[in-house]
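A.B. asks: Letter by letter, the chains look like this.
Protein chains: 2
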Amino acid sequence: MNDETQTRTALLGSSSDAATRVFTTILTRSPISRIDVARITGLSQAAVTKAVTPLVAAGLVNDTLDAKPTGLPGRPVSPVAVVPDAVVALGVKVNIDELVGVATDLTTRIITSDRLPLTSHDPVAVADAIVEMCDRLKGELGGLQPRLASVGVSVSGDVDTETGVVRDSAQMGWRGVELGAALRERLGLRVVVDNDVRALTIGEHWFGVGLGTNSFAIVTIGRGIGSGLHLNGEVVEGAYGVAGEIGHLPLTSPDRICACGRRGCVEAVAATNAIVAAISAAHGRDVSIEEAVDLARAGDAAAIDAFGEAGAVIGRAIASLVNMVGPELVIIGGEGVANFDLFEERLRRAYGEHVFASADRCRIAVRPHTFEDWARGAAATAIRSLVV
Amino acid sequence: MNDETQTRTALLGSSSDAATRVFTTILTRSPISRIDVARITGLSQAAVTKAVTPLVAAGLVNDTLDAKPTGLPGRPVSPVAVVPDAVVALGVKVNIDELVGVATDLTTRIITSDRLPLTSHDPVAVADAIVEMCDRLKGELGGLQPRLASVGVSVSGDVDTETGVVRDSAQMGWRGVELGAALRERLGLRVVVDNDVRALTIGEHWFGVGLGTNSFAIVTIGRGIGSGLHLNGEVVEGAYGVAGEIGHLPLTSPDRICACGRRGCVEAVAATNAIVAAISAAHGRDVSIEEAVDLARAGDAAAIDAFGEAGAVIGRAIASLVNMVGPELVIIGGEGVANFDLFEERLRRAYGEHVFASADRCRIAVRPHTFEDWARGAAATAIRSLVV
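If you read the protein sequences in the order shown, they are chains A and B.
The first sequence begins at 2 in the working numbering and counts up by one.
The second sequence begins at 2 in the working numbering and counts up by one.
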């Protein structure tokens, strides 16, 4: 990080609440007129101008864009816009078998991306791999390298973002892993560790579908079933770091035991492993998820049933989420979306049976997130950490 | 409403976002220093002073309180405080068999209260009764009568607060009842209609337990099972007016049919009627809720089972809520709390079995809300409508 970048991050980190709101409004809606910034933030135009001046001086915001004629008498509206590559961030998504990393600009546009296989889940080995990934991404940044200010890492499970501790990740077999502290020391950069679905939600909130909605939820299906909620203008973090655990709602029979040890969890029926186990049991041999999908597509009754039962419990789970928090939109994502045709009919039927009253106006959209999208979410948490 | 009251409500209604935040901060934390108002709102002290001046001029805020010595050098801190009886509101809770009404000051302190039996659920008859209730409460206000500015009405079910339409209330047998418009015309006052649990949550947020917490949920048990959520500084309203429908999470067997027509809802086992029906079926005769409670307390196995099963499904429902949104605190309220001893053991056991990871640090508190507390929640929605 060079002096210029340090000045920029110091300015963002020390801003008053009003200045923060001004910058996030410009960041997420560029280009935008000062009048609209004032309207959205509820601040006076004088207060907006006061907040914009140091941002322009630091090179974070550009106010020399061409003024657009408004077609109305008076001064033309002169918009302000974020300078996207004023600061660069890295995002790393920790998957069960590989790391996916991206370098992005302030608006989470991907500058470069990379993948690295994980050969061990030992926390030290994973931290080594994350450092290697960051070094590789830095190497691709060229002239932008001095502008690198922060790193976001996202992991499945219960993560304490404040301290950077992964409290419990069933997927990685981790409990109380102090990942943030280890990485901060080795990288010499600000490091944010967050739950992977929450990071994806932060990315969608700041730079994705969340921009046009007041509230939304992301439900991810695949190895795990998770969700991220965005309500009242913020991602729901959970007072104790846990929220969106839709995969552990007890929506199925108590004789279905979940990998977490609890009874009746959604994941006990709908996680990839649970689907594969049900089909393997029916056929008396171990089938892979690829084979399970092929069997279902070929009309195998047991395979169709297993995906259908998973779809039904996911549908009940989404109805539960919608009945509880009433979002405008639910986005279904996650790697399971690749086979969404196998879930869809019973998912939508169960959703329709349980969604309450006018909550059924909530839209359900399916969106295949790539692993790079997940890493981009991790980068979004890194950028957010500079600002709020 | 006299001219003075009109000036006050006009000032509150026309305030900028900054002025609104200043007033709500003073309203909910009086007495408070200007410095603390600035800290909490994120505004400059100059902006706070600018917002306070017209509030003082209108008689809504008092700045002539005794300055308290701070023990530090420099000027003593001079606090500002809301003038509680600057504006008066009414709150009416519509129960299945009676109206409960209160008149309150700006801080929802109850000035007077009353009850009126409901002999019919016909919307016109209920509107008549609400008007009569409001007239009675006004009659008790004496010299404060000219300060009456708004009325809040709360009803169980799916309510569109924007339009004042009760879209669906199973308890009242209403669909699409334009209660707000009817009352506004007859009372000549601002009228807010809201879901009853949401109104209770707004009351707790502004003037109750919500003040000391960043997030909380209220779960009510009794005739219905409902919940209200307060997250990220706001009550969760639901994009389409539905949220907190914990009573319709499909957490029990699909062969239990709910009064709403859906299968497996929490209310199908845990609502008062469901408990009574189970005990009546076991005994081959109709028992009342009072008798059901007596039977359980006397050791009747069927009665103990029915309350216990209700407790277990409520425990699963609260765990689901906590896993999804991670509040700091859950308050259990509602008339069912009077017999909480019959629910408690299995409720807490089921909660413990299903709550996820560190979310189990969420406190569960039981708080008997009186019907006047519910009406006070309705009054809180009326006061809030003047401000935001």
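Do not rely on the hints blindly, as some may be mistaken.
[What the hints assert, rightly or not] To give an idea of the interface, some chain A residues facing chain B are shown, with a C-beta separation under 7 Å as derived from the structure:
{"id": "1", "residue": "GLU141"}
{"id": "2", "residue": "LEU142"}
{"id": "3", "residue": "GLY144"}
{"id": "4", "residue": "PRO147"}
{"id": "5", "residue": "ARG148"}
{"id": "6", "residue": "ASN233"}
{"id": "7", "residue": "GLY242"}
{"id": "8", "residue": "ARG257"}
{"id": "9", "residue": "GLU291"}
{"id": "10", "residue": "ASN324"}
[As the list claims (entries may be wrong)] Footprint (simulated), chain A over chain B, 3 or more residues, beta carbon under 8 Å:
{"id": "11", "segment": "223 to 235"}
{"id": "12", "segment": "241 to 253"}
{"id": "13", "segment": "337 to 346"}
Calculated directly from the structure, the hints in this document are not laboratory data.
Note that beta-carbon positions come from the ideal geometry of N, C-alpha and C, so glycine has one too.
A.B. asks: Hint by hint, note whether the structure agrees.
C.D. replies: Quick rundown of the hints versus the structure:
With a cut of 7 Å, the hint placing GLU141/A at the interface with chain B is violated, because the nearest CB-to-CB distance is about 37 Å. Annotation: LEU142/A was flagged as interfacial toward chain B, and the flag is violated, the nearest CB pair being 35 Å apart, outside 7 Å. About 37 Å separates the beta-carbon of GLY144/A from the nearest beta-carbon of chain B, more than 7 Å, and the hint is not met. Given the 7 Å rule on beta carbons, the hint for PRO147/A is violated: about 32 Å separates it from the nearest Cβ of chain B.
Look at ARG148/A: its Cβ only gets to about 28 Å from chain B, farther than 7 Å, so that hint breaks. Restraint check, ASN233/A versus chain B: the minimum CB separation of about 4 Å is within 7 Å; hint holds. Hint status for GLY242/A relative to chain B: holds, with the closest Cβ pair at about 6 Å, below 7 Å. Hint status for ARG257/A: violated, given a least beta-carbon distance of 13 Å to chain B, over 7 Å.
Interface restraint check for GLU291/A: the shortest CB-CB distance to chain B comes to about 30 Å, outside 7 Å, so the restraint is violated. The closest approach between the C-beta of ASN324/A and any C-beta of chain B is roughly 4 Å, which is under the 7 Å cut-off, so the hint is satisfied. Requiring three or more residues with a Cβ within less than 8 Å of a Cβ of chain A, the coverage given for the segment 223 to 235 of chain B holds, as 6 such residues are present. Closer than 8 Å: that is the beta-carbon criterion, and the segment 241 to 253 of chain B has 11 residues meeting it against chain A, so the requirement of 3 holds.
A stretch counts as covered by a chain when three or more of its residues have a beta carbon under 8 Å from one of that chain; for the segment 337 to 346 of chain B and chain A the count is 0, and the coverage is violated.
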